[in-house]
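*Asks:* All residue numbers for the sequence shown refer to this note's numbering, where the first residue is 1 and numbers rise by one.
Any given hint could turn out to be false.
As the list claims (entries may be wrong) - Heads up, simulated SDA-like pairs for lysine to any residue below, C-alpha to C-alpha not over 20 Å straight-line:
id: 1; residue 1: K300; residue 2: Y348
id: 2; residue 1: K250; residue 2: Y116
id: 3; residue 1: K250; residue 2: C321
id: 4; residue 1: K273; residue 2: L374
id: 5; residue 1: K46; residue 2: P185
id: 6; residue 1: K300; residue 2: F311
id: 7; residue 1: K91; residue 2: A64
id: 8; residue 1: K91; residue 2: S234
id: 9; residue 1: K46; residue 2: S234
id: 10; residue 1: K91; residue 2: Q79
id: 11; residue 1: K242; residue 2: K300
id: 12; residue 1: K273; residue 2: V360
id: 13; residue 1: K242; residue 2: R299
id: 14; residue 1: K244; residue 2: E319
id: 15; residue 1: K250; residue 2: A296
id: 16; residue 1: K368; residue 2: Q266
id: 17; residue 1: K244; residue 2: S224
id: 18; residue 1: K300; residue 2: G275
id: 19; residue 1: K300; residue 2: R369
id: 20; residue 1: K67; residue 2: K46
id: 21; residue 1: K46; residue 2: S224
id: 22; residue 1: K368; residue 2: D274
id: 23; residue 1: K86; residue 2: D59
id: 24; residue 1: K273; residue 2: R373
id: 25; residue 1: K244; residue 2: P229
Claimed, not checked - With beta-carbon atoms standing in for the labels, derived distance ranges:
id: 26; residue 1: S149; residue 2: E77; range: 35 to 43 Å
id: 27; residue 1: S235; residue 2: E77; range: 37 to 45 Å
id: 28; residue 1: P345; residue 2: K46; range: 14 to 22 Å
Hints listed in this document are in silico derivations from the structure and should not be mistaken for laboratory results.
The C-beta atom is built at its ideal place from N, Cα and C for all residues, glycine as well.
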Amino acid sequence: MDRIMLSFARRKVLCGKFSASVLGKAFERIPRATYPSTRNYSSSLKEMTVRDALNTALDEEMSADPKVFLMGEEVGEYQGAYKISKGLLDKYGPERVIDTPITEAGFTGIGVGAAYYGLRPIVEFMTFNFSMQAIDHIINSAAKSNYMSAGQISVPIVFRGPNGAAAGVGAQHSQCYAAWYASCPGLKVLSPYSSEDARGLLKAAIRDPDPVVFLENEILYGESFAVSPEVLDSSFSIPIGKAKIERGGKDVTITAFSKMVGYSLQAAEILAKDGISAEVINLRSIRPLDRATINASVRKTNRLVTVEEGFPQHGVGAEICASVVEESFEYLDAPVERIAGADVPMPYAPNLERLAVPQVEDIVRAAKRACYRLVPKSAAA
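Produce the entire structure from the sequences given, and follow the hints as far as they go.
*Replies:* Now the structure itself:
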């Protein structure tokens with residue numbers, strides 16, 4: 001009911017069929033401009049919000065390839081529920097920026113069909129909680145097609161939108177789906193933290209021949225990050241499946257993704273004051289997972305703390321722990337620590353909501369336990 005009330009007065013219902021120019025004969029790809037392999041950039045940095053990073057990535061990819069189009073609720077005339085698609089309707093028209101009804105199963109199925117035909121749809125969910133309405137198309141129609149067709153069917157589609165907890169939106173709008181989608185073969189699952197991540201990973205996702213689930217975070221949309229001229233280059237992209245070491249360290253490894261990267265960096269600052277050097281890894285890619293970078297870090301620090309907003313059971317952290325135990329067990333000097341959301345539906349009350357999601361102090365305590373700098377709860381009881 002909340003999203004019906006949010007958008008009822010502004011909704012422009014999608015017509016019964018697409019224009020022939022969209023779902024007709026696939027456009028030929030416009031060749032990208034070629035760039036020299038070595039570039040000379042100035043060292044000056046520019047501030048950019050995650051919202052603008054996503055917007056410019058969409059704009060540049062739509063400009064470079066006429067087969068790319070965006071569809072979803074309020075992406076056109078309202079310019080996006082979170083203003084990610086601001087200005088795109090005026091620039092590319094209603095045939096490539098398509099307002100849909102409130103029917104995720106319907107427009108996601110149309111998007112997958114368009115990808116079968118050779119187009120490159122970007123399907124926006126107002127929140128990934130609503131992707132549950134379309135999970136049959138995402139899993140059974142998109143993810144499995146390449147394998148079940150012995151490689152004959154490519155499904156170049158991106159499913160994107162905000163994921164995880166925002167603030168005061170209750171259990172229906174707060175769940176993290178990283179572990180859900182990362183468990184399914186055939187999907188690539190990305191979760192950006194910074195503006196560089198958002199811009200580079202979204203470009204890579206749109207260009208990829210396989211279905212990509214792109215998990216953003218509503219709280220991060222307005223956050224600003226410094227970006228280099230290289231990041232602003234239209235040819236810039238980030239390889240899928242490669243994590244980034246956001247902060248080097250030697251005493252404990254902290255892995256995180258999305259908003260939790262920022263929390264982990266704050267925790268690392270606090271830990272440094274107590275003489276603990278924490279290495280913070282921004283996973284960026286949940287599937288494929290950069291196991292090599294994680295294990296190399298653990299073999300250096302000999303300790304691991306995983307951080308995520310999702311539920312603890314069968315979570316991303318659990319998979320990371322399994323990888324480290326399988327590949328680097330003999331390097332561990334302490335039990336692995338997992339920080340995750342509480343195993344409960346998200347409460348609505350602000351005080352309970354804060355208790356249900358990881359906080360900076362939770363990460364600090366876990367890292368100190370791993371470094372034997374804090375008395376374990378069981379020993380203190």
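*Asks:* Take the hints in turn and mark each one as holding or not.
*Replies:* Hint check:
Proposed proximity of K300 and Y348 is contradicted: the alpha carbons are some 41 Å apart, above 20 Å. Our distance criterion of 20 Å between C-alpha atoms is broken by K250 and Y116, whose separation comes to about 48 Å. Taking the CA atoms of K250 and C321, the gap is about 19 Å. The hint holds against a cut of 20 Å. Of the supplied pair hints, the one linking K273 and L374 holds, its CA atoms being roughly 15 Å apart against a limit of 20 Å.
Note on K46 and P185: the hinted pairing is violated, with a Cα-Cα distance of about 38 Å set against a maximum of 20 Å. Taking the CA atoms of K300 and F311, the gap is about 28 Å. The hint is violated against a cut of 20 Å. At most 20 Å may separate the alpha-carbon atoms for a hinted pair to count; K91 and A64 meet this at roughly 13 Å. Of the supplied pair hints, the one linking K91 and S234 holds, its CA atoms being roughly 17 Å apart against a limit of 20 Å.
For a cut-off of 20 Å, the pair hint linking K46 to S234 stands: about 15 Å separates their Cα positions. Using a Cα cut-off of 20 Å, the hinted pair K91 and Q79 holds, with the two alpha carbons roughly 12 Å apart. The straight-line distance between the Cα atoms of K242 and K300 is roughly 19 Å, inside the 20 Å bound, and the hint therefore holds. Proposed proximity of K273 and V360 is supported: the alpha carbons are some 15 Å apart, at most 20 Å.
Between K242 and R299 the CA atoms are separated by roughly 18 Å; this keeps the pair inside 20 Å, and the hint holds. For the hint pairing K244 with E319, the CA-to-CA distance comes to about 18 Å; that is within 20 Å, so the pair holds. For the hint pairing K250 with A296, the CA-to-CA distance comes to about 12 Å; that is within 20 Å, so the pair holds. For the suggested pair K368 and Q266, the alpha carbons sit about 14 Å apart, so the restraint of at most 20 Å is met.
Taking the CA atoms of K244 and S224, the gap is near 18 Å; set against the 20 Å cutoff, the hint holds. Note on K300 and G275: the hinted pairing holds, with a Cα-Cα distance of about 17 Å set against a maximum of 20 Å. Annotation: proposed proximity of K300 to R369 holds, straight-line Cα distance about 18 Å (limit 20 Å). This hinted pair does not check out: K67 and K46 have alpha carbons roughly 31 Å apart, beyond 20 Å.
The hinted pair formed by K46 and S224 meets the criterion: a straight-line CA distance of about 10 Å does not exceed 20 Å. Taken as a hint, the K368 and D274 pair is honoured in the structure, with Cα atoms around 9 Å apart against an allowance of 20 Å. About 10 Å separates the Cα atoms of K86 and D59, which keeps this hinted pair within 20 Å; it holds. This hinted pair checks out: K273 and R373 have alpha carbons roughly 13 Å apart, not beyond 20 Å.
For the proposed pair K244 and P229, the alpha carbon gap of about 19 Å is at most 20 Å, so the pair holds. Checked against the given bound of 35 to 43 Å, the beta carbons of S149 and E77, roughly 37 Å apart, stay inside it. Distance hint for S235 and E77: a CB-CB separation of about 31 Å, inconsistent with the stated range 37 to 45 Å. One distance hint, 14 to 22 Å for the beta-carbon pair P345 and K46, is violated here, with the actual separation near 40 Å.
When held up to the earlier numbered hints, the structure conflicts with 1, 2, 5, 6, 20, 27 and 28 and fits the remainder.
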